[in-house]
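**Student:** Using the numbering used here, the first residue of the sequence shown is number 33, and each one after it goes up by one.
You may find that some hints are simply not true.
[Claimed, not checked] Pairwise CB distance ranges (calculated):
1. S55 <-> S390: 50 to 58 Å
2. H130 <-> Q159: 16 to 24 Å
3. A233 <-> E106: 40 to 48 Å
Simulated from the structure, these hints should not be mistaken for laboratory data.
Since we're looking at a predicted model, the values are computed, not measured.
Ideal placement from N, C-alpha and C gives every residue a C-beta, glycine not left out.
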Amino acid sequence: MASLIPSSCVVVKIGSALLVDASTGALRTDWLVSLAQDVAWLKSNGCQVVIVSSGSIALGRHVLGLPMAALALEQSQAAAAVGQIQLARAYEETLAPHGIKTAQVLLTLEDSENRRRYLNARATLMQLLSLGVVPIVNENDTVATDEIRYGDNDRLAAQIAVTVGADKLVLLSDVDGFYTANPGDDPSARRYDTISAITPAIEAMAGDAGTGLSKGGMKTKLMAAKMAMGAGCALAITLGSALNPLKTLNDGANATWFLPTEDPAAARTRWISAITPKGQITVDAGALKALGAGKSLLPAGVTSVSGDFERGDAVAILGPDAQVLGGGLVRFTAQEAQAVMGHHTDEFEEILGYAARSVLVHRDDMFLG
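Take the sequences, apply the hints, and build the full model.
**Tutor:** In structure tokens, the structure reads:
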């Protein structure tokens, strides 16, 4: 059975029903304080942490005095706008005593489907994590409509785990794992401790029901598990209502762990290497040596650029002898790369007329050999 320690990066998904009291609409402060203790514990053990949190609409409707019944779209968006402030403040105030800084990141489905937006989101999240910040991610319900919605934070959490290369994803739920049937309806239902492959038989066991405040059922959790496992990330479904739910999970609480067959780095390399390159970048001997030492590719070491590619497309990387070294996802367009090749970062703004990133292909987006 898996545990949270050790991990390099843990994504935690929190549903509205855990964060907000369904009867009063108020924040469950004691529970959130215990979660903050868990986050501090993870960080003290060398883990980066991302929280994917529902709750903005549930908190906002309470502030605005809106009914607990289904809301019209514009009411939901208004409640989200008010609730996002409440939610961000709650996380900031509970994590600050542990010396942990927080950031709010609001996303929609379009942000992961559009390559440029995805890269911008990834760059921001990775920078926040490198600075020791805990990003608080939520779907941007204020602007999202049905056609650009995830619709549930299970899949959003899986997308975030893929984006940041997390090795563990925890879905804090109202059940303590994945069962052969709904345990509320079938007393003989059996909980799985681990699942290493999501088969059609496993999919047939999933139901649709969620709690009154949540939108995700077991089917969405299976979809999240598929996404996470494909990226080399282990996913746990566990009961989240108890205090200190992450420590409780690590100490052996009931859970179902969906276990991948490879780690996130290997999965990402496999994914990038399978993309057809849209161009070629040739490097000099100095860049070749730097790449061999695990460095990112900088424009200063590039001698030629060919092809028609956009930011985020795959390119082949060639050595001085024109032999293919590997490939990666490029952070400049072809025109930008041609303009800045052979130049140093402090020259980019003068050449391009605007500030640009320093790295052409980051080592995390690259494979060699």
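**Student:** If you check each hint against the structure, which ones fail?
**Tutor:** none
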